[in-house]
Amino acid sequence: MAELVSGFLAMAGAAPARPAVIAPGETLSFGELRVLAEGFAARLEAGGVRRGDRLLLAMPVSPRLYAALAGAWLAGAAVVFPEPTLGLRGLRHAIGATRPHGLIATGPYRALRVLPGLWGLPAFAPGPVGGARTVKPPAPSDTALISFTTGSTGRPKAIARSHGFLAAQNAALAPVLAASEGTRDLVGFPAFVLAGLAAGRTSVLPGRPVAGRRADPAALARQIGVSGATRLLLPPAACAGLAANGLPAHVAKVFTGGGPVFPDLIDGLQAARPEVEVIAVYGSTEAEPVAVLDAREIAGADRRAMAAGGGLLAGRPVPELALRIVDDEILVAGPHVNAGYLDPADDTANKLREGGRVWHRTGDAGRLDGAGRLWLLGRLADRAETPLGPRYPFQIELPARGWPGVRGAALLGGQAPVLCLEGDAARARDYRTRAAALGIADVQPVPVIPLDRRHGSKLDRARLARLVRRPPH
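So this note's numbering is basically just the index in the sequence shown, starting at one, shifted up by 1270.
Among the hints, erroneous ones may be present.
[As the list claims (entries may be wrong)] Lysine to aspartate or glutamate pairs mimicking EDC-like chemistry, simulated, CA-CA at most 20 Å apart:
no.	residue 1	residue 2
1	K1621	D1572
2	K1621	E1655
3	K1523	D1537
4	K1728	D1613
5	K1523	E1545
Hints listed in this document are in silico derivations from the structure and should not be mistaken for laboratory results.
With the hints as constraints, model all of the structure from the sequences given.
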């Protein structure tokens, strides 16, 4: 039986009354979630869904979404998750790339059946079902999820994950997320709820976006207080908002990732609550996690190295994967590293095959120090050519983030690099002098550093290039 499903079913049997998923207005215990999941699996089988069928999921993030997901898995189906930040365009792309056999949808999402590729297909909604049917748990080789890269560096690529792959990923995350009895996790990354369900932990879902223009840090802090969450799993932008608004007293640990975790963010969290533990997780859609950093392990020499252009400390690579640096690029391989895409044509750019091992090219530049720790330098494609030699974004951005009055910094690389600063306009001359010492002659002020739509934590370089009227290189 696949590990995630078996762990969830075991907990439903051992502690059925324990809260599994909590959201504003609805809480499902492990026992209730199992009843809904098994009922939905029976409904899917009665509706003609067969093992291996692909079902596109269109539901708001809620406790019942996880009941639908578990039910689909018990029925042997693979669940397709469109990339949410791409809207209707991402939905159409997901339909064309996966050719689903049906739709899981609730409320207004059921209207999606009119779209080409979904028209005429059966639509299912989780809910009570009469009678009982026997359902077979999935096998490790069965496809569990099909999701997509964001497409920030090209066409979104579909990634198929088997139940065995998810089990390997869960095994890599388990030591990082290990917790004592009674832990409650507020989770801003929906996929991490799966790890919580497998481990028998209670997961709290944010009631509104945690990052971006619609985020409300004060409302998030109130929800953390009401829900009793003791740990937070949130993107850096959400953590920054909480640091500014204060962390509830019962929060003991913060996990953050999905974007660079800069030292000033860690400082802000620890200033808000000096005793809170901060854990930074580095990874990507294709490989999560890659490296983990406990902020308590950052030494004074590490901070000086980051401020001097040494890059961003990401921590120690997880033992479950192999990591190497080739021509400055970070390559990873292992059981929880995506070995290929749904469309084999997508494999050519960033997969290297050596015998039976597949190396994933992350596109990130990095280095390993003498202690075996990973340092990130920035995107390989954003390397800047300077009079002092090649420089990657974090080698310039981290020093700049420490300059007086600077709120954000971003480097546009290439032959004529530009340092974009969100800062104090009265200090423009000082910024140019400091930038020249780093080999950057062109410094441009911007009203705000634009960030990605998914987590509000990664730089949107295309939008930034438009702000300074420079074509992306």
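To see whether the hints hold, each was checked on the structure:
With a CA separation close to 32 Å, the supplied pair K1621 and D1572 exceeds the 20 Å bound. The straight-line distance between the Cα atoms of K1621 and E1655 is roughly 27 Å, outside the 20 Å bound, and the hint therefore fails. Restraint check: the Cα-Cα separation between K1523 and D1537 comes to about 14 Å, which is no more than 20 Å; the hinted pair holds. Between K1728 and D1613, the direct Cα distance comes to roughly 26 Å. Violation of the 20 Å bound is thereby established for this hinted pair.
For a cut-off of 20 Å, the pair hint linking K1523 to E1545 stands: about 9 Å separates their Cα positions.
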